[in-house]
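Engineer: The primary structure of each chain is shown beneath.
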Amino acid sequence: MPESQIVFENIIKTFGEAVAVEKMSFSIEQGEFLAIMGSSGCGKTTTLRMLAGLEIPSEGEIRLNGERINELAPAKRNTPLVWQSLALFPFLTVLENVEFGLKMHGIEKTERRERALKWLDRMEIGEFAERSIDQLSGGQRQRVALARALVTEPPVLLLDEPLSALDANLVVRMQGVLSKLQKELGITFVYVTHSQSEAFAMADRVVIMSKGLIEQIGTPQQVFREPATRFVAEFVGSNNIISGKVSSKHSDVHRTDLFQGVPYTVDTDLGEVVISSGELDLGATVELVISSDRMDISFDPSDLENQFPCKLVSEEFVGSIVTLLVETENGMELKIQKQHKDIENIQLQTGQALWVSWERKSAYIIPGR
Amino acid sequence: MPSSDKKRLDYYALTWRLPVIVWQVLFFVGPLVFMIAMSFFLVKNYRMTEAFEMKNWVKMFGKDYFWDSYFLTLLLASMSTIVATCLAFPAAYGLAFKVSGNVRRWIVFLLIIPFFTSYLVRTFSWYVILAESGVVNNILGVIGLGPYTMLNTRFGTLVGYMTLTLPLVVILQTFSLANVDKNLIEAAQNLGASRVKVILQVIIPSAKVGLIIGAVFCFILSFGDFVAPYYLGGSKPPTLPILIIDTTKSGQQWPRAAVVAVMMMVTLMIVAFTAIKLAYSRKAYR
Amino acid sequence: MRADKLIRWFLWGYLGLVFLFIFAPIVTSIIFSFNSDRFPTIPLGSFTWKWYQTIYNDPDVWDAAKTSVIVALSTSCLATFIGFCTAYTDFRYQFKGKNSYLVLALLPPTIPLIILALAMLAWFSKIGLSGQVWSIVIAHTVLCAPFAMAVIRLRLQQMDPDLESAAWNLGASEWSAMRYVIVPFAMPAIVSSMCLTMAVSFDEFAVAWFVSGLNKTIPVIILEILQGNIDPQINAIGTFVFVTSITLVILAQLIFMLRTPGSASNA
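Protein chains in written order, with our numbering: chain A, 1 to 369; chain B, 1001 to 1286; chain C, 2001 to 2267.
Just so you know, these hints were derived from the structure itself, not from any lab. Virtual Cβ for every residue (Gly too), placed ideally from N, Cα, C. Wrong hints could be hidden among the right ones.
Unchecked claim - For each label pair, taking beta carbons as the anchor points, the in silico distance ranges come out as:
#, chain 1, residue 1, chain 2, residue 2, range
1, B, ARG1195, C, LEU2107, 37 to 43 Å
2, B, LEU1014, C, LEU2017, 40 to 46 Å
3, B, LEU1278, A, SER39, 41 to 47 Å
Just chain A, with the same shape it has in the complex (with noise of 0.2 Å):
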């Protein structure tokens, strides 16, 4: 089987003391869609630099199309980048700025001048060509710096949160523009972001990072359901974390569904909670990850497992949905989220009692370290 397209293998990165990238192995299929997702700090953009060349590995091996390409200068790669600042070049004109990377490759200028007036009027700002930089609006800096990078026809496309800048209604365009343009081109991008919603929404599969290693790779699916670790799971989505301990295996073998696992009971502060998980040794430590959008509320209890008095402590909407902040007896937060007219209906108000509750099969298990 032939090698990926792009292949980190061991990489670790160390900045003097600090370590930006520990010991990351992962490769990237030709023409997917990958995300790089983090918080600032975590060393998503260090290893976008070391794809770009910008940065040398201290250890391991980046290979792309199978050559190890750790130390090859930055400008034999073909491999350009969406700047997070989009280092448009300000003493040339928009034109000028796409036409750059041809010149450097020793392209004619008859020729550069029209393929680069080609990617102008692909990305929409065509009319644009003679303008200067700081005469465009953001978006359409934006267009300028995707035309300047792929106006080379590289096989990779490296983009460093390119949309943090825009504002929110033009971002949601955006992605549309790229993720149309990465289907027609089909070819790879490496998309960094902090942003859930960017990564979710464009990425064939999502690298999850933290403090320099990676937490999971996954698709986006897979990641939200299935978080790996705890930190992915806080991470990513609005999930509900509890901590607990695996304190036996579940009596109530007639209420078992073998598809969905053996029942373990978990002693956890919120009390005894029931879960349907793989064999998990008696006496292990667990997180319960619950998706907010998986708990229930109710006024009144009734006979359902896994439920707990609570007080409503805030409610926030956002667009449809809504999502409850409630308490437990023990002082413990809950998120629940629900649609907005699944509970127009019912009159709540902050301080009031209630019950949540969920299913065992709604708690993903992720064992404890």
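Position chains B and C against the provided structure of chain A, taking the given hints into account.
Structural biologist: Then chains B and C, alone, in the frame of chain A:
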């Protein structure tokens, strides 16, 4: 090329790094080191020979006129520093706190103009203005005063020094005062501090470093200037820079001039070092 | 508040006095350059171009002007080049001993000119470079390079630090990135720096006097007039130098200001 191999030396990096090193070693450090060495050379039959003798040092240190010059220069430069610092402060205070940023930029630009007019010509103008029959005495004569002798006095020298240093000191003070945190001043005023107290206990301590840097530059410039003490101060006794010129130009005694120059450098280093210590001392200002 | 107003008036009045002091000698020299009397006294004589004619007809002044122009032009190029290299190194690289490197580069303005003059005089005669036009150029370059470095460093400070990497990323070698990105970006500062260093060199007399030998510059001529037969042509030369320098400085300022706003940032 990437930031991680910033430490690795390549032709490209060296191309930009080396010029200033080579140039300064050849034409800045070289001359200064050679001058220090020269202070140990000997002059025989009007010819300098390379040697390592203490003769020039012994000779200069033994002369009263050297020490007269030394202390006079020290005194004049100190006076100049104090006068310039005090004269500049109200102007800098006004520029820093009482005018808008735009007005300040224009005034600072006007203050830069003198640096590009000939200091010699300006000094000559003072000669005209301050002479017995000059502009000032003419004006004073109208109201029945004078004439006063202002040339060939320490006053004359100080006027010359101020011509050289005042614009620079005002600029440096303005910058350091303008950088004082305005919230600090308002806080002090809120706590009921009087205007004078705010200046003495908040503004001056906060702007201390900049004020001292201004003073140090004033001292260096005055200490090394030969024009003002010569043409406006009468050069009796000569200051150290005049002594260097006389010894070099008329006496052909370069090694002795070097002794004077080295003494000046040592003095300036001590002054600058003390000032920096003072500027960055954490002692509370009371 | 009344007191506030009073203080404001006092400060403006005081500032006026400071400016009177600073500009009195400049104005005086310009006025007396047109005054017919041989000796500069009040009341003034009649208006005359005589002193300008005198210097215009004086071959020594012409020679000196020529020397001054050659020295100023050469100095501005050399000092700006060295200043650019230093500013770029400081902007781009971190290395061991960088502080000492910067001290070495920026120290000259803290050494009194008279000391540098003596040291240069001795050193040039030692290495066999004394009394040439080049001696003055070299000495002035030492004096001016730190100013050039400061001006260019300030400009580079305004540059998006990703710009150079962006050029590499688009296929430019380091040299190409320098040529097509760094130099164009720094160009306003390079021109400003050339004007400023030219003006400084055009005005400097102490070091030039010591090392010039027979190749006198304009300020050295002024100094010699001052030492000998003082006459009002000194005012005429002074006014001429003033106009030249101030033109250069205003040019420098304008170029820096005009080119700065649009290209200051591209965020």
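Engineer: Check the structure against each numbered hint from earlier and tell me which ones fail, lowest number first.
Structural biologist: Hint 2 is the one this structure does not satisfy, whereas the remaining hints hold.
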